[in-house]
Amino acid sequence: MFENANERGSMASSPEETVAISASAPVAGATEDREREMRDNYHTNVATWLWTRFRSRALHQHVGKLLVLLLISQWVIGVVGVLDLDHGDYRNPMLGHNIPGFAIIAYACYLLSIMDQALPYLRENVPRTEARSMLIGGAFYILIDCIRQLVEDGNENLNNAHVSTAMVWVFCGSFYLLARRTGVHSDMPMILAVTAQTLLVLHHPQHHAVMTSLHLMHAGFMIMGFFYRVRLELFNAHACLVLSGVSFIMSQDGMIAGYMGHVRYFRDPVYLMGTMLVGIVWIGFSYLVVGPVNTKSGTPDSPIVVGQVQYSPVEADPAELTAEPAAEMATYTIDSSSTAVEMA
Amino acid sequence: MSDHGGHDGMPMPGNNASHDSTRPMAAPFGGVLIFHMVLMSLAVWTVLPVGIYLARLKRRKQHGYVQFVLLTLLTLGACVGLAHRYQGSNHGNHGGAVSIHAVLGWTILVMAWLQLIGGRIIITAAV
Numbered sequence: 002m003f004e005n006a007n008e009r010g011s012m013a014s015s016p017e018e019t020v021a022i023s024a025s026a027p028v029a030g031a032t033e034d035r036e037r038e039m040r041d042n043y044h045t046n047v048a049t050w051l052w053t054r055f056r057s058r059a060l061h062q063h064v065g066k067l068l069v070l071l072l073i074s075q076w077v078i079g080v081v082g083v084l085d086l087d088h089g090d091y092r093n094p095m096l097g098h099n100i101p102g103f104a105i106i107a108y109a110c111y112l113l114s115i116m117d118q119a120l121p122y123l124r125e126n127v128p129r130t131e132a133r134s135m136l137i138g139g140a141f142y143i144l145i146d147c148i149r150q151l152v153e154d155g156n157e158n159l160n161n162a163h164v165s166t167a168m169v170w171v172f173c174g175s176f177y178l179l180a181r182r183t184g185v186h187s188d189m190p191m192i193l194a195v196t197a198q199t200l201l202v203l204h205h206p207q208h209h210a211v212m213t214s215l216h217l218m219h220a221g222f223m224i225m226g227f228f229y230r231v232r233l234e235l236f237n238a239h240a241c242l243v244l245s246g247v248s249f250i251m252s253q254d255g256m257i258a259g260y261m262g263h264v265r266y267f268r269d270p271v272y273l274m275g276t277m278l279v280g281i282v283w284i285g286f287s288y289l290v291v292g293p294v295n296t297k298s299g300t301p302d303s304p305i306v307v308g309q310v311q312y313s314p315v316e317a318d319p320a321e322l323t324a325e326p327a328a329e330m331a332t333y334t335i336d337s338s339s340t341a342v343e344m345a
Numbered sequence: 002m003s004d005h006g007g008h009d010g011m012p013m014p015g016n017n018a019s020h021d022s023t024r025p026m027a028a029p030f031g032g033v034l035i036f037h038m039v040l041m042s043l044a045v046w047t048v049l050p051v052g053i054y055l056a057r058l059k060r061r062k063q064h065g066y067v068q069f070v071l072l073t074l075l076t077l078g079a080c081v082g083l084a085h086r087y088q089g090s091n092h093g094n095h096g097g098a099v100s101i102h103a104v105l106g107w108t109i110l111v112m113a114w115l116q117l118i119g120g121r122i123i124i125t126a127a128v
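Protein chains in written order, with my numbering: chain A, 2 to 345; chain B, 2 to 128.
Keep in mind that the hints were calculated from the coordinates and are not lab data. Zero decoy hints are in this set.
The following residues of chain B were derived to be distant from chain A, with all beta-carbon distances above 12 Å:
#1 Arg60
#2 Lys62
#3 Gln63
#4 Tyr66
#5 Phe69
#6 Val70
#7 Thr73
#8 Leu77
#9 Cys80
#10 Ala84
#11 Tyr87
Output of the computed footprint for chain A on chain B, the stretches with three or more beta carbons under 8 Å from beta carbons of chain A:
#12 36-43
#13 48-59
#14 102-109
#15 112-124
This structure is a prediction, so every number in the text was calculated from the model and none was measured. Glycine included, every Cβ here is placed at the ideal spot set by N, Cα and C.
Produce the entire structure from the sequences given, and follow the hints as far as they go.
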């Protein structure tokens with residue numbers, strides 16, 4: 002959680018420690034000098050900070066992954082545009098619906114594929130992964146629906162509903178990360194997000210009964226998955242998520258619903274094949290981007306690493322993994338004679 | 002909403018009643034567009050995966066070279082896309098949807114070049 006010992010020290014866990022810090026004149030003076038220097042050299046510092054980040058290998062990797070996703074998204078948009086060229090623009094329900102569905106499936110498949118490797122590690126990290134996926138998924142959904150809003154003459158209320166729901170996902174993802182940061186573990190963000198999404202699905206206008214049924218299945222699986230997730234039955238939870246995503250995609254015009262219904266344009270087999278191809282490629286490449294999982298994780302040769310603490314699979318204790326950060330703070334004392342923070 | 006009405010109130014192609022004949026059409030599906038598609042598909046589905054695997058194998062120098070090839074292809078593809086757009090403007094297409102694709106594409110291209118420069122700086126600093 003903390004970058005270094007000084008950062009730990011800056012977060013005093015008790016009033017006594019706070020007093021100890023403020024009572025230390027040399028420390029306070031040094032801090033003021035440093036703050037003044039920071040203010041004086043603000044622009045230089047910002048430039049240095051940016052330059053340091055620009056040269057950071059970790060940031061390079063993160064931006065690289067983002068660029069890969071953006072490139073593929075752009076390619077998909079291009080394909081959709083070509084498939085829909087006769088229409089003259091990119092108005093297409095596939096953009097707003099199928100791609101998030103495929104992304105959800107890819108995420109769930111990824112989690113399912115690593116499920117049997119190191120459960121304590123997974124339980125510790127799944128909420129964080131969920132928070133990130135909520136943020137990314139929500140932001141993506143907002144973007145797509147904004148594009149739809151721009152290029153379509155579509156149903157404004159429905160688009161607003163989509164964006165509102167996506168904003169709930171973004172909010173919940175942020176809250177989730179914040180909750181983890183402060184050590185408060187809560188499933189409240191997920192309750193909010195699932196409720197909002199389910200309400201949208203249930204009120205989503207459909208062409209015909211097949212699509213409505215599949216949308217209801219999508220909502221049903223999502224709720225089932227949520228209850229499994231709360232009980233930490235992760236395999237069942239993410240299996241439900243996969244089924245939810247599949248029924249979601251199948252409910253779209255280009256898929257089964259389009260065939261069983263009487264939607265003329267979307268019965269075009271070229272369109273259907275294109276949709277399926279894009280979906281398959283999307284799932285495959287999402288998996289590649291997420292990265293090959295370290296299959297040795299959790300074996301005796303490669304113990305599970307959570308923060309700075311190593312757990313061997315045999316000795317791993319879930320109770321330790323859920324320890325509150327506050328308890329960790331209590332093991333540190335502050336030496337008032339210097340800025341150094343030492344472990345007790 | 003009727004079956005022919007389209008998704009989310011969207012008019013469906015083939016439904017002449019709902020098709021706006023005053024809306025400008027896209028540029029024709031021709032050689033320029035196919036060239037754009039071939040270049041972009043080659044870049045995204047051939048060169049990009051190779052670059053990713055080289056990065057995963059920690060072969061940073063080769064990764065840099067491959068990414069340079071990728072960016073060259075992408076830039077070429079973008080220029081061809083631009084040519085297609087100009088071709089489209091001759092057909093009266095000033096539509097926003099195509100420009101969204103274009104704006105996103107050029108943004109990604111600029112970001113990708115910056116990424117390449119950043120990678121080069123990282124490698125140089127490491128040596």
